[in-house]
Amino acid sequence: MATLRTPNGFDLDTSGKRVVVDPVTRIEGHMRCEVNVDEDNIIRNAVSTGTMWRGLEVILKGRDPRDAWAFTQRICGVCTGTHALTSVRAVEDALGIDIPENANSIRNIMQLSLQVHDHLVHFYHLHALDWVNPVNALKADPKATSALQQQVSPRHAKSSPGYFRDIQNRLKKFVESGQLGPFKNGYWTNPAYLLPPEADLMAVTHYLEALDFQKEIMTTRTIFGGKDTHPNWLVGGVPCAINIDGDQAVGAPITMDRLNYVSSIIDRSIEFIENVYIPDLIAIAGFYKSWLYGGGLSSQSLMSYGDIPDRANDYSPENLMMPRGAIVDGKLTEIHEIDLRDPDQIQEFVPHSWYAYADEAKGLHPWDGVTEPNYALGDNLIGTSTNIVNIDENAKYSWIKAPRWRGHAMEVGPLARYVIGYMQGHEEIKDQVDRTLSALDVPIDALFSTLGRTAARGLEAQWAAQKQRYFMDKMIANIKAGDSTTANTEKFDPSTWPTEVKGVGFTEAPRGALAHWIKIKDTRIDNYQCVVPTTWNGSPRDNDGNIGAFEASLLNTKVERADEPVEILRTLHSFDPCLACSTHVMGPDGEELADIKVR
Amino acid sequence: MGEGAPAVLILGIGNLLWADEGFGVRAVEELHRRHCFGDNVAVMDGGTQGVYLVQHIRDADILIVFDAVDYGLPPGTMKLVQGEEVPKFLGAKKISLHQTGFQEVLAMAEMLGDYPEHLLLVGVQPVELEDYGGSLRPEVKAQIDPAIDHALAFLKSHGVEAFPRTELLGEDQTIASLEMTLGRYEGGRPESGDAFRHGDSRVLAGQGWSGPADFDAEVAALVAKPMEQR
Numbered sequence: 001m002a003t004l005r006t007p008n009g010f011d012l013d014t015s016g017k018r019v020v021v022d023p024v025t026r027i028e029g030h031m032r033c034e035v036n037v038d039e040d041n042i043i044r045n046a047v048s049t050g051t052m053w054r055g056l057e058v059i060l061k062g063r064d065p066r067d068a069w070a071f072t073q074r075i076c077g078v079c080t081g082t083h084a085l086t087s088v089r090a091v092e093d094a095l096g097i098d099i100p101e102n103a104n105s106i107r108n109i110m111q112l113s114l115q116v117h118d119h120l121v122h123f124y125h126l127h128a129l130d131w132v133n134p135v136n137a138l139k140a141d142p143k144a145t146s147a148l149q150q151q152v153s154p155r156h157a158k159s160s161p162g163y164f165r166d167i168q169n170r171l172k173k174f175v176e177s178g179q180l181g182p183f184k185n186g187y188w189t190n191p192a193y194l195l196p197p198e199a200d201l202m203a204v205t206h207y208l209e210a211l212d213f214q215k216e217i218m219t220t221r222t223i224f225g226g227k228d229t230h231p232n233w234l235v236g237g238v239p240c241a242i243n244i245d246g247d248q249a250v251g252a253p254i255t256m257d258r259l260n261y262v263s264s265i266i267d268r269s270i271e272f273i274e275n276v277y278i279p280d281l282i283a284i285a286g287f288y289k290s291w292l293y294g295g296g297l298s299s300q301s302l303m304s305y306g307d308i309p310d311r312a313n314d315y316s317p318e319n320l321m322m323p324r325g326a327i328v329d330g331k332l333t334e335i336h337e338i339d340l341r342d343p344d345q346i347q348e349f350v351p352h353s354w355y356a357y358a359d360e361a362k363g364l365h366p367w368d369g370v371t372e373p374n375y376a377l378g379d380n381l382i383g384t385s386t387n388i389v390n391i392d393e394n395a396k397y398s399w400i401k402a403p404r405w406r407g408h409a410m411e412v413g414p415l416a417r418y419v420i421g422y423m424q425g426h427e428e429i430k431d432q433v434d435r436t437l438s439a440l441d442v443p444i445d446a447l448f449s450t451l452g453r454t455a456a457r458g459l460e461a462q463w464a465a466q467k468q469r470y471f472m473d474k475m476i477a478n479i480k481a482g483d484s485t486t487a488n489t490e491k492f493d494p495s496t497w498p499t500e501v502k503g504v505g506f507t508e509a510p511r512g513a514l515a516h517w518i519k520i521k522d523t524r525i526d527n528y529q530c531v532v533p534t535t536w537n538g539s540p541r542d543n544d545g546n547i548g549a550f551e552a553s554l555l556n557t558k559v560e561r562a563d564e565p566v567e568i569l570r571t572l573h574s575f576d577p578c579l580a581c582s583t584h585v586m587g588p589d590g591e592e593l594a595d596i597k598v599r
Numbered sequence: 001m002g003e004g005a006p007a008v009l010i011l012g013i014g015n016l017l018w019a020d021e022g023f024g025v026r027a028v029e030e031l032h033r034r035h036c037f038g039d040n041v042a043v044m045d046g047g048t049q050g051v052y053l054v055q056h057i058r059d060a061d062i063l064i065v066f067d068a069v070d071y072g073l074p075p076g077t078m079k080l081v082q083g084e085e086v087p088k089f090l091g092a093k094k095i096s097l098h099q100t101g102f103q104e105v106l107a108m109a110e111m112l113g114d115y116p117e118h119l120l121l122v123g124v125q126p127v128e129l130e131d132y133g134g135s136l137r138p139e140v141k142a143q144i145d146p147a148i149d150h151a152l153a154f155l156k157s158h159g160v161e162a163f164p165r166t167e168l169l170g171e172d173q174t175i176a177s178l179e180m181t182l183g184r185y186e187g188g189r190p191e192s193g194d195a196f197r198h199g200d201s202r203v204l205a206g207q208g209w210s211g212p213a214d215f216d217a218e219v220a221a222l223v224a225k226p227m228e229q230r
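These protein sequence lines are chains C and V, in that order. For what it's worth, my numbering labels the leading residue of the first sequence as 1, then goes sequentially. For what it's worth, my numbering labels the leading residue of the second sequence as 1, then goes sequentially.
Hints were generated in silico from the structure; no laboratory data involved. Keep in mind that a hint or two might mislead.
If we take Cβ atoms under 7 Å as the criterion, some of the chain V residues that face chain C in the derived model are [what the hints assert, rightly or not]:
#, residue
1, F37
2, V43
3, V81
4, L182
5, G187
6, G188
Simulated DEER-style distance windows between Cβ atoms [what the hints assert, rightly or not]:
#, chain 1, residue 1, chain 2, residue 2, range
7, C, N556, V, P74, 48 to 54 Å
8, V, D172, C, E337, 55 to 61 Å
9, C, D314, V, D149, 54 to 60 Å
10, V, A142, C, S160, 55 to 61 Å
11, C, D314, V, E85, 53 to 59 Å
12, V, A142, C, E337, 52 to 58 Å
13, C, K158, V, G159, 36 to 42 Å
14, V, S157, C, A157, 40 to 46 Å
15, V, L80, C, N319, 42 to 48 Å
16, C, K480, V, D149, 49 to 55 Å
17, V, D149, C, P498, 46 to 52 Å
18, C, N190, V, L178, 45 to 51 Å
19, V, G159, C, P498, 57 to 63 Å
Built from N, CA and C at the ideal position, the CB exists for glycine as well.
Produce the entire structure from the sequences given, and follow the hints as far as they go.
Have a look at this one:
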C-alpha cells in the first residue's frame with residue numbers, strides 16, 4: 001500500500017507486519033495498541049484503541065448535581081480528587097457560586113499534592129521499568145553504586161555501599177523465589193535497556209524509597225478531605241472547618257497542629273523530589289540521550305486549560321498559575337486563548353468511535369454531547385466482535401471519542417503545559433527547563449520526545465511541591481487576618497436554583513486538561529459530559545483522518561524486537577494514560593502478561 | 001506481630017459503580033454499621049486504589065479483604081481463601097487499582113519487608129457486572145451477612161474482638177461516602193430509558209460469567225420464592 005499522509009502531517013503505511021499489544025500494561029484501565037512495522041522494524045502505522053466502555057455520563061443523568069463529584073471520583077483509582085474538583089467547579093459555575101479564599105487555597109494544596117503524588121508514583125512505579133532493568137541491578141557493584149549515588153545526588157543521605165548491598169540482597173531473594181512481584185512480565189533481556197547495572201540498582205532502590213515515601217503525601221489530602229482513601233469535597237467550598245486555636249473535639253478538623261503537619265509533608269516532598277526524583281531523571285535520561293523518539297504532536301499542537309487560581313473564583317489566564325493556552329500547526333510562539341463555552345472550539349467526533357450521533361459528519365460541543373454506544377466493526381476486521389485479531393481502523397475502532405480544538409487533534413499533559421509555559425515566558429518553568437537542558441547538554445528540540453514528556457512531569461512535580469508552600473502561607477495569613485470561612489452555603493439549597501442552568505469546570509489533572517460540562521434542569525443533572533486527558537491523547541482518527549497524540553507519538557520509532565514492545569510501552573507510558581476505571585474482578589490465574597501478536 | 005494488640009485492617013475493595021463489583025465496599029460499610037472495634041482495628045473502603053493502599057497493608061498484622069472475585073464458581077458463591085493462597089486469587093484479569101493488581105500491592109508490601117502475618121480473602125463470585133451505575137444483585141447482597149460472620153470468626157480465632165453496636169449506625173453515619181450510601185445510590189438511580197446500563201460486550205465477554213438474559217424476570221422469580229429457599 002502506498003503511504004498516506006494525514007492532514008496533520010504524518011505518513012502512515014500499513015504494508016508492514018502488524019504487531020498487537022493487548023492489554024497495554026501498567027496503565028489505568030484497558031487499552032490496546034496495534035502497529036505496523038516495516039522491514040527495518042520501524043513503526044509506520046499506529047492504532048490505539050480504548051477497550052472499555054466508560055458510561056459515567058449516562059449514570060449521572062437524573063442525579064443530584066451536588067453528589068456528582070462523589071461519582072466522578074470513583075471513575076478510577078488515580079485522579080480521584082481531580083475529578084471531584086472538576087465536578088464541584090462545574091456545578092459552582094452553573095449556579096454562580098463563589099467559594100471563599102481559604103477554600104481556594106485548600107483546594108489548590110490538595111490538587112498540587114495530587115500532582116506531586118501522581119507524578120512520583122508514575123515515574124517510579126509505572127514508568128521507570130521502561131528504562132530501568134531490575135534484573136540487571138543484581139550485577140551491580142554496591143560500592144560503585146554508592147559512588148554513583150554520591151555523584152548524582154550528594155545531598156541524599158542513603159548512599160552507603162552497605163545500604164545498596166542490602167537492597168540488592170532483598171531483590172535477589174525476590175528474583176530467586178521466582179516471584180518477581182512488581183517486576184514480573186518485563187523484557188529484561190531486551191537490548192533496548194541501556195543503563196549500567198549500578199544505575200539500575202540505584203533506580204530500583206529509589207523505587208522502594210519512593211514507595212515508602214509516597215504514603216506521606218497522601219496525608220495532606222486526608223487531613224483536608226477528612227477521610228482516607230476517598231477525601232470529601234463540597235459544592236461551595238471545602239468540607240473542613242478551620243479552628244486555628246481549637247481542637248478537633250469541637251468539630252473543626254483544621255487546627256494549627258494539623259497545618260504544621262501538612263507543612264512538614266510539603267518540606268519533605270520538596271526534599272525527596274530535589275534529592276531523589278530530579279537527580280534520577282537526569283541520570284537516567286543521560287544514558288538515553290540518543291533515544292529521542294516519541295515526539296508526535298508535541299511540537300505541533302498542544303493545549304492546556306490552566307489551573308491553580310491564585311485568587312479565588314478568577315479563572316482568567318493571568319490568575320492561573322499553571323499555564324493556559326493552545327498551540328497549533330507547529331507555531332510555537334503563537335499561543336491561542338481557549339474558550340470552553342464556545343460551541344465552535346471544543347467538539348467531540350465519533351466516526352471512529354463506538355458511539356452513535358445523528359450526524360457523524362459533525363462534532364458536538366460537550367454541552368450538547370451525546371453518549372450513545374454503538375459497537376460496530378469494520379469490514380476489514382480480522383476476528384470476531386468478541387475476539388478481535390486485527391482491528392479495522394478505517395471504521396469505528398475505539399471507546400474513546402475524538403475531541404478536537406478548532407478541528408485540531410491536541411496533546412495535553414505536563415509536556416503541553418511546560419511547552420506553553422516556556423513559550424509564554426513563565427519564569428519558573430523557563431528556569432527549570434533551561435537548567436535541565438543544560439544539565440543534559442541537549443538542545444530545546446529534545447523536549448519534543450518521550451523523554452521530554454517524562455522530564456516535564458518531573459519538573460512539574462518539583463514546581464507543584466513548592467507551590468503548596470505558597471498556598472499554605474497565603475491561607476495562614478488569611479486566617480490570622482480573621483477569615484476562617486471555608487464554605488459558601490448560600491446556594492446549596494436546590495430551592496434557590498434556577499430551573500435550567502449550565503456550567504463547565506476545568507482543572508489540569510496530572511495527565512492533562514480535564515473538563516466536565518453540566519446541564520441542570522429542575523435541580524437534577526440533565527446532561528453531564530467529561531472530556532478527560534486521555535480522551536485527547538488517546539483519541540482515534542477524525543473525519544479528515546487526523547491522528548491523535550498516542551498514534552502520532554509511536555510513528556517512526558525503531559523497535560528492537562517486534563515481539564517485545566518495550567519501545568511502545570515506553571512512549572505510551574510517558575503520557576501516563578488513564579482509560580478510566582473499570583471492574584477489577586480478579587481471576588485465579590494471577591497473570592497479566594500482555595498478549596503480543598506479530599503477523 | 002508487634003507488642004500488644006495486633007494491628008488489623010479490614011479492607012473492602014472494588015468499584016461501587018459496577019454492580020457486584022461493589023461487594024467489598026458495601027460489606028465493610030455494613031460491618032461498620034453493626035460493629036465497633038478497638039483502636040487497633042481499621043475498617044476501610046479501599047475503592048479501586050492501588051499503590052496508595054500499600055502503607056495500610058504494611059501497617060497491618062492481620063488483613064481481611066472483602067472483594068468480588070472471579071473464582072469460576074457459580075454466581076453468588078462465597079469462598080474464603082487464607083494466607084499464601086490469597087495473592088493467587090488476587091491476580092489480574094480486569095483490574096484498575098492504579099495499574100496494579102491487588103496482588104502487586106501485596107508484593108510491594110512484601111518487598112518493603114512488611115507483610116501481614118495473617119491474611120483472609122472473603123470473596124464472592126459476582127452475578128452481574130455489566131450494569132454501570134447499578135447496585136449489588138440480591139444473591140451477592142445476601143452474602144454480606146455470612147461474609148461478615150466469617151470475618152468476625154476469623155478475627156475471634158486471632159483474639160480480636162468485635163463489639164456489636166447496641167444501636168446500629170444510620171446509613172449516613174458509617175464510613176460510607178455520604179453521597180453514595182446504598183440507599184441514596186440505589187434510590188437516586190435514573191430510569192433505564194434515561195441511562196444506558198451496559199458495558200462493552202467485547203471486554204466483558206468470555207470472563208467466566210455473563211449477566212442473566214432476563215434479569216428482571218429472574219429477580220421477580222427470586223422475590224416470589226419463600227425466604228429460606230433463596
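Here is what the structure says about each hint:
no., hint, in the structure
1, F37, "violated (17 Å)"
2, V43, "violated (12 Å)"
3, V81, "violated (9 Å)"
4, L182, "violated (13 Å)"
5, G187, "violated (10 Å)"
6, G188, "holds (5 Å)"
7, N556/C <-> P74/V: 48 to 54 Å, "holds (51 Å)"
8, D172/V <-> E337/C: 55 to 61 Å, "violated (44 Å)"
9, D314/C <-> D149/V: 54 to 60 Å, "holds (55 Å)"
10, A142/V <-> S160/C: 55 to 61 Å, "holds (57 Å)"
11, D314/C <-> E85/V: 53 to 59 Å, "holds (56 Å)"
12, A142/V <-> E337/C: 52 to 58 Å, "holds (56 Å)"
13, K158/C <-> G159/V: 36 to 42 Å, "holds (38 Å)"
14, S157/V <-> A157/C: 40 to 46 Å, "holds (43 Å)"
15, L80/V <-> N319/C: 42 to 48 Å, "violated (55 Å)"
16, K480/C <-> D149/V: 49 to 55 Å, "holds (53 Å)"
17, D149/V <-> P498/C: 46 to 52 Å, "holds (51 Å)"
18, N190/C <-> L178/V: 45 to 51 Å, "holds (49 Å)"
19, G159/V <-> P498/C: 57 to 63 Å, "holds (59 Å)"
Checked against the numbered hints given earlier, this structure breaks hints 1, 2, 3, 4, 5, 8, 15; the rest are met.
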